[in-house]
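First residue of the sequence shown? That's 1 in full-length UniProt numbering, and the numbers climb one at a time after it.
A hint or two may mislead.
Said to hold, decoys possible - Across the chosen pairs, the derived CB separations fall in these ranges:
1) Gln308 x Lys270: 40 to 46 Å
2) Arg238 x Pro103: 28 to 34 Å
3) Lys70 x Gln308: 48 to 54 Å
4) Gln168 x Glu41: 25 to 31 Å
5) Pro75 x Gly306: 57 to 63 Å
6) Pro103 x Gly59: 42 to 48 Å
7) Glu41 x Pro112: 19 to 25 Å
8) Val99 x Arg208: 39 to 45 Å
9) Lys270 x Gly54: 33 to 39 Å
10) Asn288 x Ile262: 32 to 38 Å
11) Glu211 x Thr64: 55 to 61 Å
12) Lys214 x Lys70: 51 to 57 Å
13) Arg238 x Glu166: 22 to 28 Å
14) Val138 x Arg326: 41 to 47 Å
Stated by the list, open to error - The calculated DSS-like cross-link candidates involving lysine-lysine, where the alpha carbons are at most 27 Å apart (straight line), are:
15) Lys286 x Lys270
16) Lys98 x Lys318
17) Lys318 x Lys328
Source of the hints: derived by calculation from the structure; they are not laboratory data.
Glycine included, each C-beta is placed from N, C-alpha and C at the ideal position.
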Amino acid sequence: MERGIKRPREEADGVLREKQGCDADFRRWDVAETVFYLRREGLEQWEQMFREHGITGPGLPFLTEAHLEKMGVFPLGSRLQILHCLQKLWQVSNESMKVLNDPIHGHIELHPLLLRFVDTPQFQRLRHIKQLGGTYLVFPGASHNRFEHSVGVGYLAGCLVQALNERQPELLITKQDVLCVQIAGLCHDLGHGPFSHMFDGMFIPKVRPGEKWKHEMASVQMFDHLVRVNGLEEVMERHGLTLPVDLVFIKEQIAGPLDNSILNSSWPYKGRPMEKSFLYEIVANKRNGIDVDKWDYFARDCYHLGIQNNFDYQRFLKFARVCEVRGKKHICTRDKVHFAVVILTLGDMPKKIIIFWLNCKIRYTCGYFLVFCLDKKKIYLI
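Model the full assembly from the supplied sequences, consistent with the hints where possible.
Shown next as structure tokens:
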């Protein structure tokens with residue numbers, strides 16, 4: 001009778017939300033929950049073998065076709081069917097993705113949950129904020145904006161975290177981790193004001209002297225506002241996120257630890273435990289500054305300025321690994337790749353110094369004029 005009952009599934013993302021049966025996180029499954037999942041997927045003929053070998057949730061990502069053969073699963077088609085069924089547990093989405101054609105990264109896919117963030121007024125305002133401030137007044141190609149940069153960072157964040165997950169399944173990176181990292185990359189620049197860094201570097205000090213205002217904290221505040229007014233809490237939970245913990249995790253990736261009272265503790269973050277410290281080095285790397293935010297704007301800014309970009313993030317992705325250093329897990333790469341990061345990025349420094357000097361002069365010349373006009377007319381954009 002039990003086998004004849006078909007329990008309903010949640011529609012979004014194939015998330016396990018049944019009133020009876022499996023825990024939503026397969027890593028917490030015992031043998032009974034593991035065989036329940038097999039039975040629910042129509043693979044009940046193999047549940048006895050899984051029982052006899054004591055297969056639990058944490059071991060599922062490590063199962064291979066060879067392991068199943070040793071367990072006595074025949075023929076080959078049955079082994080592949082089981083593996084395909086198990087892979088659905090850690091796939092980010094079973095839903096169709098939105099495909100965008102980006103001039104820097106080509107055709108990229110965005111998860112349906114990320115699209116819910118993109119399709120909000122708070123995120124759409126980034127279309128009207130220049131990435132390089134007033135630089136486009138001299139470099140006419142540099143008219144790109146924060147919108148496409150944010151989409152690019154969200155995409156690269158997903159590329160890096162999923163590459164680590166594929167190469168090192170022992171890290172136990174979950175679908176929830178992947179989505180949170182992508183959302184953080186997507187929303188990391190929500191708090192930028194008009195003309196980007198000119199706003200917090202020149203305008204705020206002029207009209208609010210002494211105000212310690214940073215766009216990172218403004219991004220956190222805007223993120224809270226975006227989630228609240230657009231009713232995204234329920235949508236996030238439908239896609240398997242756990243609130244408010246995952247909201248905290250997303251904001252910590254953008255701005256760092258949120259609780260100043262525990263900054264001096266061994267682990268100041270609350271969104272994820274210390275064994276997942278490497279996740280905080282993807283969007284905004286406080287340890288060495290090598291993060292996907294820079295990967296995107298190196299490529300995107302150089303493309304629109306018309307100068308060569310010597311940093312190849314694809315190479316970094318290929319060799320990235322998580323290693324334990326002094327009790328914490330960090331994203332590392334091979335020594336020759338690290339050397340390439342330094343040399344290729346700084347090798348044509350004279351040219352970049354000239355571009356940087358021009359950029360600063362343009363930014364502050366144009367910026368001073370704009371701030372002067374805004375100040376005299378009392379048009380404060382905060």
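- Message: Check whether the Cα positions of Lys286 and Lys270 lie no farther apart than 27 Å.
- Response: Holds, at roughly 16 Å.
- Task: Please work out if Lys98 and Lys318 have their alpha carbons no farther apart than 27 Å.
- Result: 25 Å, holds
- Message: Looking only at beta-carbon atoms, does the pair Gln308, Lys270 fall within the given range of 40 to 46 Å?
- Response: 42 Å, holds
- Message: Holds or violated: the 48 to 54 Å window for the beta-carbon distance between Lys70 and Gln308?
- Response: Roughly 53 Å apart at Cβ, these two residues keep to the hinted range, so it holds.
- Would you say the C-beta atoms of Gln168 and Glu41 sit inside 25 to 31 Å of each other? Since the Cβ atoms of Gln168 and Glu41 sit about 26 Å apart, the hinted range of 25 to 31 Å holds.
- Query: Given a hinted range of 51 to 57 Å, is it respected by the beta-carbon distance of Lys214 and Lys70?
  - Reply: 56 Å, holds
- Taking the beta carbons of Arg238 and Pro103, is their distance inside 28 to 34 Å? 33 Å, holds
- Task: With respect to the beta-carbon atoms only, verify the hint that Val99 and Arg208 lie 39 to 45 Å apart.
- Result: 42 Å, holds
- Message: Holds or violated: the 19 to 25 Å window for the beta-carbon distance between Glu41 and Pro112?
- Response: This hint holds: roughly 23 Å between Cβ atoms.
- Task: Given the range 42 to 48 Å, decide if the beta-carbon distance of Pro103 to Gly59 lies inside it.
- Result: At roughly 43 Å between Cβ atoms, Gly59 and Pro103 fall inside 42 to 48 Å, so the hint holds.
- Item | Supplied distance hint 55 to 61 Å, evaluated on CB atoms of Glu211 and Thr64 | 57 Å, holds
- Message: For the hint 33 to 39 Å, verify it against the beta carbon of Lys270 and that of Gly54.
- Response: 34 Å, holds
Checked against the numbered hints given earlier, the structure breaks only hint 10 and satisfies all the rest.
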